[in-house]
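Residue numbers (full-length UniProt numbering), protein chains in the order written: chain A, 1 to 295; chain B, 1 to 218.
These aren't lab readings, by the way, just hints derived from the structure by calculation.
Hints may contain errors.
[Said to hold, decoys possible] Mimicking DMTMM-like on lysine to aspartate or glutamate, the simulated pairs with C-alpha atoms at most 25 Å apart in a straight line are:
#1 K2(B) x E255(A)
#2 K2(B) x D30(A)
#3 K56(A) x D75(B)
#4 K63(A) x E76(B)
#5 K34(A) x D74(B)
#6 K2(B) x E22(A)
#7 K34(A) x D199(B)
#8 K224(A) x E22(A)
#9 K2(B) x D263(A)
#10 K63(A) x D75(B)
#11 K52(A) x D136(A)
#12 K34(A) x E193(B)
#13 K53(B) x E99(B)
#14 K182(B) x E193(B)
#15 K16(A) x E38(A)
#16 K75(A) x E38(A)
#17 K182(B) x D102(B)
#18 K34(A) x E134(B)
#19 K224(A) x D48(A)
#20 K162(B) x E193(B)
#21 K2(B) x E252(A)
#22 K53(B) x D263(A)
#23 K52(A) x D75(B)
#24 K162(B) x E210(B)
#25 K2(B) x E38(A)
#26 K53(B) x E119(B)
#27 K52(A) x D72(B)
#28 K52(A) x D74(B)
#29 K2(B) x E134(B)
#30 K34(A) x D200(B)
#31 K56(A) x D74(B)
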Amino acid sequence: MNFRTVAELVELAESKGMPISEIMIQKEMDTFNKSRQEVFEQMAGNLDVMEKAVRKGLNEQMKSHSGLTGGDAMKIRTYMTEAPVLLSGRDALDVVSRSMAVSEVNAAMGTVVATPTAGACGILPGCVFTAADRLDSDRETMVRALFVSGAIGYCIANNAFISGAAGGCQAEVGSATAMSAAAMVEMAGGSPSQSAEAVAIALKNMLGLVCDPVAGLVEAPCVKRNAMGGAIAMVAADMALAGVKSVIPTDEVIEAMFRIGRDMPVSLKETALGGLAATPTGRAHERRIFGKSAE
Amino acid sequence: MKFRSVFDIIGPVMIGPSSSHTAGAARIGRAARTLFGRLPQRVTITLYGSFAKTYQGHGTDVALVGGLLDFDTDDERMVQALEIARESGVEVTFIESEEVADHPNTARLHLEDDQGDLEVTGISIGGGKMEIVELNGFELRLSGSAPALLVTHHDRYGAVAKVATVLANHRINIGYMQVSRKEKGLEALMIIETDQHVDDQVQQEISSLEDITGVTVF
Numbered sequence: 001m002n003f004r005t006v007a008e009l010v011e012l013a014e015s016k017g018m019p020i021s022e023i024m025i026q027k028e029m030d031t032f033n034k035s036r037q038e039v040f041e042q043m044a045g046n047l048d049v050m051e052k053a054v055r056k057g058l059n060e061q062m063k064s065h066s067g068l069t070g071g072d073a074m075k076i077r078t079y080m081t082e083a084p085v086l087l088s089g090r091d092a093l094d095v096v097s098r099s100m101a102v103s104e105v106n107a108a109m110g111t112v113v114a115t116p117t118a119g120a121c122g123i124l125p126g127c128v129f130t131a132a133d134r135l136d137s138d139r140e141t142m143v144r145a146l147f148v149s150g151a152i153g154y155c156i157a158n159n160a161f162i163s164g165a166a167g168g169c170q171a172e173v174g175s176a177t178a179m180s181a182a183a184m185v186e187m188a189g190g191s192p193s194q195s196a197e198a199v200a201i202a203l204k205n206m207l208g209l210v211c212d213p214v215a216g217l218v219e220a221p222c223v224k225r226n227a228m229g230g231a232i233a234m235v236a237a238d239m240a241l242a243g244v245k246s247v248i249p250t251d252e253v254i255e256a257m258f259r260i261g262r263d264m265p266v267s268l269k270e271t272a273l274g275g276l277a278a279t280p281t282g283r284a285h286e287r288r289i290f291g292k293s294a295e
Numbered sequence: 001m002k003f004r005s006v007f008d009i010i011g012p013v014m015i016g017p018s019s020s021h022t023a024g025a026a027r028i029g030r031a032a033r034t035l036f037g038r039l040p041q042r043v044t045i046t047l048y049g050s051f052a053k054t055y056q057g058h059g060t061d062v063a064l065v066g067g068l069l070d071f072d073t074d075d076e077r078m079v080q081a082l083e084i085a086r087e088s089g090v091e092v093t094f095i096e097s098e099e100v101a102d103h104p105n106t107a108r109l110h111l112e113d114d115q116g117d118l119e120v121t122g123i124s125i126g127g128g129k130m131e132i133v134e135l136n137g138f139e140l141r142l143s144g145s146a147p148a149l150l151v152t153h154h155d156r157y158g159a160v161a162k163v164a165t166v167l168a169n170h171r172i173n174i175g176y177m178q179v180s181r182k183e184k185g186l187e188a189l190m191i192i193e194t195d196q197h198v199d200d201q202v203q204q205e206i207s208s209l210e211d212i213t214g215v216t217v218f
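Same shape as in the complex, but just chain B (with noise of 0.2 Å):
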């Protein structure tokens, strides 16, 4: 089911106009900001189809931008995103890609510092609803709906068996998970719905475990 809640479909409250061109994509500009954990330096944000053709009309970029700086849907201080991107020294490049995506509504936002950087792609499917289906050349479904731990490890026998491990014992329920690599035996990614709230500690714990290389909380 795409659509879990009530409020995807009542919701969610956001400055117009468009729910998949400004909110989603909102969203998806939050997503991003929250996986890179700090506002980027430097933005670049490819965008596709019905995105590449009409973002200018729905604010599109504005969202996306307003999303990097960690805005939710309602913010009004989204309307001068890209205002205050420019004051708190955000460098924004959009491109417009004639390449056809899978889905029409795509954004592929690329965020980088002197630390780090990390490529994020979404969709926006609807109502205000996103999907981040790929993380740094790894392929995966996420929506943002329900908690979500993004754990990346040596692709190695035993490396699932040992985090669901910590998370049963700290009594938290896997929803739904994914793995997915690049190429096998090389690194690899998780992804782990819970239905309970992973807390620091438990993100500690599963961090110093053997052949696990990075976690995040979604």
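Next up, chain A with everything else stripped away, as it sits in the complex (with noise of 0.2 Å):
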């Protein structure tokens, strides 16, 4: 059971006639000899704290330390019962509050599971438990997905990068978006080639995304970007179901965010120099934050 690609990921799941989740668990028992209830009950344990995270970050009001980032989710919330139309949609926004609840209690230092990194924590719940609410899902679709959703992380993370510091935004709010687009296919019954069109159609639309944080910090504009890289990964695997396919092979697109992040300047990779962070406004937080200002 290996796969260092998604091509061969596809392949091999298709060949044996299963789904993208079961390759991944089959994987993890093979590799480090554990049983696949060990295996599931850890992936479930990280369910369980991203349905906490969702439900502190709608219900209570969050700040950050700094004071840039909270309150956020709960006004979108407030809108969905108050406004006579949802120009979006009730799904678009749901999605979105629920990314930016668990990305806000992120920022305030409370307890999340990084997915693939702590910068781009809010989408993956967001869609998994959208995407639940709408299909009827049961915990065991939901634990799956997360398996779905690390399978194709497991094929980013070892071809290109997902850290902002590494490869930019793309890299991480880009790669959370198509893991979490794969994941809500195979939740809908999609198949893993289908799974795969969504990831190449969600990291497109997010290439070239820069790292910009004000101050530094993983708040402004990360809990925004992770509200929209929600709603881009449930378009995204909408439009893979309907059969829409890409013309770059998903791997490609993999490779050219991979390029593209080699190429991005320092100064657009979380050092604050550039893009947002130095903005007039961007450098005003930064000195009322540390009394200071990098150079």
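Work from the hints to combine the two standalone chains into their complex.
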């Protein structure tokens, strides 16, 4: 049970007539000499942590230490009950508010699961819990969705990168969005190759995204990028389920992300030296928070 | 493959806000603590690259010290790590280096007490994963994702074979192995990642071998 690329993963799954989640579960069992129950329960534990974070962020007034973020997930929830018309619709705002909720909990030094990183930790829970609502999924399907996203993240991490410092926001929020899109495709009963198409479609729309957090903190624009990542993942999953295919194969999109990240200047890779961090307002926040400015 | 487990990707469960600057940093601190084998009295931490520029906002300092206190990434005491260290009598100094390191998220930790000292360099490679890349001047690669045995020995023929024989006798399989030395014929370090756990008895047996000067299970 071994794969290195998304193409190999899909080939393995389809030749064995198994879903992607099953391939990932068996690979983990093989590699670490663990039982199915051990592997499954550890992941189920991660799902529980995600659920608590979603609930906390939607129901409690979050505030980060810097004061830059917190409370926006609740704001969207209130808007959803009060607005006469929702322009983007209830489903989109469900995923957006949940993704933001977890991301706000993270910024406030709460407990989250890094998926694949803490900076992008809102997207997968936002997507899985929203898709589960729509599809009426059971707990096992949701845990399996985490294995699907893990399998995709494994390919991205080993062939490119998943951290903003190494590859920009495309590597973090981009990877999380792609992973979540693939997970929702399997939840909805799509094929392994449709999951792979969802990865390509989602990631293509994140290429080039830089990591330019204000004051170097995982807050602005990270929380809102998590929100939009969730929305993009949901649309990408629908597109793949509809049979839309990416012109560029998934692994080549991942490779493109890698090369773009390599070419990205250091000032746009989590150093707080460029982009939004270097705007007058970004700098003013930095001075207010730290009493100094990074040179 | 840098990432071997699905839980490297979906995980760790951690206190925010940054997997590389908080969780990865905590794991570097904890690895240093494990290698040192006890709570140090004095620690000097040199930060490079993005760690040096943004550590305050991400709680990298707090997390490194939390790791030195043996806290896991999801330990809720993490937030108070600096105070807890102070109360435990650990003196911590931070240095922001302007030097360019190979990896943007690099920390060098110098741990000491009356019994000895240890220098460890770790990099946080993303998603909460870390690697120890230098130990007391030896270059190495240690991720902590598999059990590992660190054996210091005289750089002499047969040393590697003797250690491997002990492991084989206990049916412990070697998954990955590297040998590092500063200079030919002097002290050397073996890093052996194993598929099975190495217990105290095996550790004792290896330390009693000729030419072996130290054994640490990581």
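Against the structure, the hints come out as follows:
1. K2(B) x E255(A): holds (16 Å)
2. K2(B) x D30(A): At roughly 17 Å apart (the allowed maximum being 25 Å), D30(A) and K2(B) satisfy the hint.
3. K56(A) x D75(B): Measuring from Cα to Cα gives roughly 18 Å; hence the hint holds.
4. K63(A) x E76(B): It holds: about 17 Å lies between the C-alpha atoms, which stays within 25 Å.
5. K34(A) x D74(B): The hint holds at about 23 Å.
6. K2(B) x E22(A): Holds: K2(B) and E22(A) sit about 22 Å apart, inside 25 Å.
7. K34(A) x D199(B): Since the Cα atoms of K34(A) and D199(B) sit roughly 19 Å apart, the hinted pair holds (cutoff 25 Å).
8. K224(A) x E22(A): The given pair, whose Cα atoms are some 33 Å apart, is violated under the 25 Å limit.
9. K2(B) x D263(A): Given pair K2(B), D263(A) holds - Cα atoms ~21 Å apart, limit 25 Å.
10. K63(A) x D75(B): Cα-Cα ~20 Å, so holds.
11. K52(A) x D136(A): holds (19 Å)
12. K34(A) x E193(B): Given pair K34(A), E193(B) holds - Cα atoms ~17 Å apart, limit 25 Å.
13. K53(B) x E99(B): Since the Cα atoms of K53(B) and E99(B) sit roughly 12 Å apart, the hinted pair holds (cutoff 25 Å).
14. K182(B) x E193(B): holds (21 Å)
15. K16(A) x E38(A): holds (23 Å)
16. K75(A) x E38(A): violated (39 Å)
17. K182(B) x D102(B): Holds, at roughly 20 Å.
18. K34(A) x E134(B): Roughly 31 Å separates the two Cα atoms, so the pair is violated.
19. K224(A) x D48(A): Holds, at roughly 23 Å.
20. K162(B) x E193(B): holds (16 Å)
21. K2(B) x E252(A): holds (20 Å)
22. K53(B) x D263(A): holds (21 Å)
23. K52(A) x D75(B): Status holds; Cα separation ~16 Å.
24. K162(B) x E210(B): holds (9 Å)
25. K2(B) x E38(A): Holds. K2(B) to E38(A) sits at ~23 Å (cutoff 25 Å).
26. K53(B) x E119(B): holds (22 Å)
27. K52(A) x D72(B): holds (19 Å)
28. K52(A) x D74(B): holds (14 Å)
29. K2(B) x E134(B): Holds: K2(B) and E134(B) sit about 17 Å apart, inside 25 Å.
30. K34(A) x D200(B): OK: K34(A) and D200(B) at ~23 Å, within 25 Å.
31. K56(A) x D74(B): holds (17 Å)
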